[in-house]
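Take the given structure of chain S and dock chain R to it, following the hints.
Protein chains in written order, with the numbering used here: chain S, 9 to 88; chain R, 9 to 88.
Honestly, the hints are just simulated from the structure, not real lab data.
Any given hint could be a false lead.
Claimed, not checked - Over the 10 angstroms line for every Cβ pair with chain R, so calculated as not near, a few chain S residues:
id: 1; residue: S44
id: 2; residue: P75
id: 3; residue: I82
To be verified - Pairwise CB distance ranges, derived in the manner of DEER restraints:
id: 4; chain 1: R; residue 1: D69; chain 2: S; residue 2: P25; range: 18 to 24 angstroms
id: 5; chain 1: R; residue 1: Q79; chain 2: S; residue 2: E87; range: 22 to 28 angstroms
id: 6; chain 1: R; residue 1: E83; chain 2: S; residue 2: K20; range: 17 to 23 angstroms
id: 7; chain 1: R; residue 1: P60; chain 2: S; residue 2: V76; range: 35 to 41 angstroms
id: 8; chain 1: S; residue 1: E62; chain 2: R; residue 2: A56; range: 38 to 44 angstroms
id: 9; chain 1: S; residue 1: V76; chain 2: R; residue 2: P75; range: 19 to 25 angstroms
id: 10; chain 1: S; residue 1: Q79; chain 2: R; residue 2: K20; range: 27 to 33 angstroms
The beta-carbon is built from N, C-alpha and C at its ideal position, and this holds for glycine as well.
2 protein chains.
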Amino acid sequence: MARFEIYVTYKKGIFDPPGATAERALANLGYEEVSSVRIGKFIQIEVADGTPEERVREMCDRLLANPVIEQYRIERTGEA
Amino acid sequence: MARFEIYVTYKKGIFDPPGATAERALANLGYEEVSSVRIGKFIQIEVADGTPEERVREMCDRLLANPVIEQYRIERTGEA
Chain S
9 MARFEIYVTY KKGIFDPPGA TAERALANLG YEEVSSVRIG KFIQIEVADG
59 TPEERVREMC DRLLANPVIE QYRIERTGEA
Chain R
9 MARFEIYVTY KKGIFDPPGA TAERALANLG YEEVSSVRIG KFIQIEVADG
59 TPEERVREMC DRLLANPVIE QYRIERTGEA
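Okay, chain S solo, but in the shape it has when bound:
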């Protein structure tokens, strides 16, 4: 089994609704030291041994991320 972690974030300049909501909520709770919150997705995927990163990239482009507004980073985290 091979494991990959994928970090999906909004592209620079794209409005991030959940991040903006959390930012305001933290301010309302009194956390005035917070200047920015961005919320993306953290995906952990297990695939068959020998699956190349290219294949995982294809899954991101087709399903796991929205290439119009999101960018992503893939990390191979292990072979188990």
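For chain R alone, kept in the frame of chain S given last:
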């Protein structure tokens, strides 16, 4: 400015609806090498210089994660 990254994931044994949906969708698209998909949150937060990790942990417990079903990991990623 200090930066932290927070990885929020469902606790072991807790059903992960978005992960299960992605898993089935990938199977339908023909990605038979996929055996598991778990989808959590990837949070990037910027706070004032000198903010201790403890304070970020408090924000997670109060707002950013649901301690009943989620666990999280905090990483300090920089001071800028």
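Results for each hint:
1. S44: violated (4 angstroms)
2. P75: Its Cβ never comes within 10 angstroms of chain R, the nearest being 16 angstroms, so this holds.
3. I82: holds (13 angstroms)
4. R:D69 - S:P25: 18 to 24 angstroms: Holds, at about 23 angstroms.
5. R:Q79 - S:E87: 22 to 28 angstroms: holds (24 angstroms)
6. R:E83 - S:K20: 17 to 23 angstroms: holds (21 angstroms)
7. R:P60 - S:V76: 35 to 41 angstroms: holds (38 angstroms)
8. S:E62 - R:A56: 38 to 44 angstroms: holds (41 angstroms)
9. S:V76 - R:P75: 19 to 25 angstroms: Once the Cβ atoms are compared, 34 angstroms apart, the range 19 to 25 angstroms for R:P75 and S:V76 is violated.
10. S:Q79 - R:K20: 27 to 33 angstroms: Cβ of S:Q79 to Cβ of R:K20: about 29 angstroms, so the range 27 to 33 angstroms holds.
The earlier numbered hints that this structure contradicts are 1 and 9.
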